[in-house]
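Numbering (this note's numbering), first residue to last: 18 to 280.
If you are wondering where the hints come from, they were derived from the structure by calculation, not from laboratory data. Heads up, the beta-carbon is just placed ideally off N, CA and C, and yes, glycines get one too. One thing to keep in mind: the hints can contain errors.
[As the list claims (entries may be wrong)] Okay, the calculated beta carbon distance ranges per label pair:
id	residue 1	residue 2	range
1	SER116	ALA271	18 to 28 Å
2	ASP267	ASP155	16 to 26 Å
3	LEU226	ASN136	15 to 25 Å
4	GLY58	LYS224	15 to 25 Å
[Unchecked claim] Pairs of lysine to any residue residues, derived as SDA-like cross-links and limited to a Cα-Cα distance of at most 25 Å, are as follows:
id	residue 1	residue 2
5	LYS251	GLU141
6	LYS88	GLY58
7	LYS133	SER243
8	LYS133	ASP240
9	LYS88	PHE40
10	LYS84	GLY115
11	LYS84	ASP240
12	LYS224	PHE71
13	LYS251	LYS219
14	LYS88	GLY49
15	LYS84	GLY255
16	LYS84	GLY225
17	LYS133	GLN109
18	LYS88	ALA61
19	LYS219	GLY58
20	LYS224	THR82
21	LYS88	PRO169
22	LYS219	LYS133
23	LYS88	TYR172
24	LYS224	PHE45
25	LYS84	PHE45
26	LYS84	LEU106
27	LYS219	HIS44
28	LYS88	GLY142
29	LYS133	LEU226
30	LYS88	TYR121
31	LYS84	TYR121
32	LYS88	THR157
33	LYS133	SER171
34	LYS219	ARG150
35	LYS88	SER223
36	LYS84	PHE71
37	LYS88	GLU141
38	LYS219	GLY142
39	LYS251	PRO46
40	LYS224	GLU105
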Amino acid sequence: MRSYPDGLARRVRLARSISLIDFEERHFPFEGCFNFRDVGGYPAANGRRLRWGFYFRAGRQDRMTLKDHEKIADLGIRTQIDLRRRDELEDQGRGPLGSMGVDYRWHSVIPPNGSKVLNAAAGEGISGQRYLRYLDFDSTPWLHVFELLANPESYPVVVHCTAGKDRTGVTTAFLLTVLGVERVLIEEDFILSNRDQPRHVKFLESKGLSSGSVHRNLGVPEDAMSVFLDGMEKEHGGVLPYLRRIGIDDEMQAAVRRVLLED
């Protein structure tokens, strides 16, 4: 368990009361898809809150059951934003949304052989330093993602990678920062991915996949987002200056806020 300076204790308790207690409300326990949740309801800039049912974050959807297909159809998703590598897409496929008329947008944030580059730069395994090295690759995918998020016609959207926690976690952290969500809550939302890990492990074991290394990689280190955001401050001056530098300007950020924040 992480410890915080006294000045942060109240804010941490608030964050956990918002994010952890209502996990069941924002989480969708699909039979064949994990880490699928709604980020609605979080307090943001100027006392406003995120709209429910607009932005979903998730893992791969290709293993969904027919029962899952019916449930995801009820969400009315209009845009599927896929952050996976090409080899992951070719191996896993798109999942059921392709047959539901959903607009599919593929914006891979890690290029071919990018995992080897990340291993060399930050070591194997999940870490905030590894997330920082995502930004060493082409920034165009991030720009395209935010162009979609700034368009009201895109919504509801689902943003996903394979496990729905690393690339999706960084993307969601960028978004929540733009929306004015406090950092401590961004970190707690990120850690919610660990809440679905036991269910995911049980699913893999039922398929005969019981590798310990695979299971470990289904969760996230509790400090990974904190390390990442600290690194953003040190290397880029923060999330917002970085986003502006890659073309996600104040006008685009304001458009995202208009769509995703309640009046």
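Cross-check of the supplied hints:
The hinted window of 18 to 28 Å between SER116 and ALA271 is violated, with their beta carbons roughly 35 Å apart. For the pair ASP267 and ASP155, the beta carbons lie near 23 Å from each other, so the given range of 16 to 26 Å is met. For the hinted restraint 15 to 25 Å between LEU226 and ASN136, the CB-CB distance of approximately 22 Å keeps it satisfied. Distance hint check: the CB atoms of GLY58 and LYS224 are about 34 Å apart, inconsistent with the given range 15 to 25 Å.
This hinted pair checks out: LYS251 and GLU141 have alpha carbons roughly 22 Å apart, not beyond 25 Å. For the given pair, LYS88 sits about 21 Å from GLY58 by alpha-carbon distance, which is consistent with the 25 Å threshold. In summary, the hint linking LYS133 to SER243 is supported, as the alpha carbons are separated by about 24 Å, within the 25 Å threshold. Simply put, LYS133 and ASP240 have alpha-carbon atoms about 23 Å apart, close enough for the 25 Å limit, and the pair holds.
For the given pair, LYS88 sits about 18 Å from PHE40 by alpha-carbon distance, which is consistent with the 25 Å threshold. With a CA separation close to 16 Å, the supplied pair LYS84 and GLY115 stays within the 25 Å bound. Using a Cα cut-off of 25 Å, the hinted pair LYS84 and ASP240 is violated, with the two alpha carbons roughly 36 Å apart. Between LYS224 and PHE71 the CA atoms are separated by roughly 33 Å; this puts the pair beyond 25 Å, and the hint is violated.
About 39 Å separates the Cα atoms of LYS251 and LYS219, which puts this hinted pair outside 25 Å; it is violated. A threshold of 25 Å between alpha carbons decides the hint, and for LYS88 with GLY49 the separation of about 12 Å falls inside it, so the pair holds. A distance of roughly 42 Å separates the Cα atoms of LYS84 and GLY255; the hinted pair therefore is violated under the 25 Å criterion. Restraint check for LYS84 and GLY225: satisfied, since their Cα atoms lie roughly 22 Å apart, inside the 25 Å limit.
In summary, the hint linking LYS133 to GLN109 is supported, as the alpha carbons are separated by about 20 Å, within the 25 Å threshold. In summary, the hint linking LYS88 to ALA61 is not supported, as the alpha carbons are separated by about 29 Å, beyond the 25 Å threshold. A distance of roughly 30 Å separates the Cα atoms of LYS219 and GLY58; the hinted pair therefore is violated under the 25 Å criterion. For the given pair, LYS224 sits about 14 Å from THR82 by alpha-carbon distance, which is consistent with the 25 Å threshold.
Annotation: proposed proximity of LYS88 to PRO169 holds, straight-line Cα distance about 23 Å (limit 25 Å). Taking the CA atoms of LYS219 and LYS133, the gap is about 29 Å. The hint is violated against a cut of 25 Å. At roughly 17 Å between alpha-carbon atoms, LYS88 and TYR172 fall within 25 Å of each other, so this suggested pair holds. With a CA separation close to 21 Å, the supplied pair LYS224 and PHE45 stays within the 25 Å bound.
Proposed proximity of LYS84 and PHE45 is supported: the alpha carbons are some 13 Å apart, at most 25 Å. For the given pair, LYS84 sits about 23 Å from LEU106 by alpha-carbon distance, which is consistent with the 25 Å threshold. Our distance criterion of 25 Å between C-alpha atoms is met by LYS219 and HIS44, whose separation comes to about 17 Å. Taking the CA atoms of LYS88 and GLY142, the gap is near 33 Å; set against the 25 Å cutoff, the hint is violated.
For the suggested pair LYS133 and LEU226, the alpha carbons sit about 24 Å apart, so the restraint of at most 25 Å is met. For a cut-off of 25 Å, the pair hint linking LYS88 to TYR121 stands: about 19 Å separates their Cα positions. At roughly 22 Å between alpha-carbon atoms, LYS84 and TYR121 fall within 25 Å of each other, so this suggested pair holds. Between LYS88 and THR157 the CA atoms are separated by roughly 33 Å; this puts the pair beyond 25 Å, and the hint is violated.
With a C-alpha separation of about 33 Å, the suggested pairing of LYS133 with SER171 is violated against the 25 Å cut-off. With a C-alpha separation of about 31 Å, the suggested pairing of LYS219 with ARG150 is violated against the 25 Å cut-off. Simply put, LYS88 and SER223 have alpha-carbon atoms about 22 Å apart, close enough for the 25 Å limit, and the pair holds. For the proposed pair LYS84 and PHE71, the alpha carbon gap of about 22 Å is at most 25 Å, so the pair holds.
Proximity of LYS88 to GLU141 is assessed by CA-CA distance (about 36 Å); at most 25 Å being required, the pair is judged violated. Annotation: proposed proximity of LYS219 to GLY142 holds, straight-line Cα distance about 21 Å (limit 25 Å). Of the pairs offered as hints, the one joining LYS251 and PRO46 is violated, with about 37 Å between alpha carbons and a cut-off of 25 Å exceeded. Straight-line distance between C-alpha atoms of LYS224 and GLU105 comes to about 19 Å, which keeps the hinted pair within the 25 Å bound.
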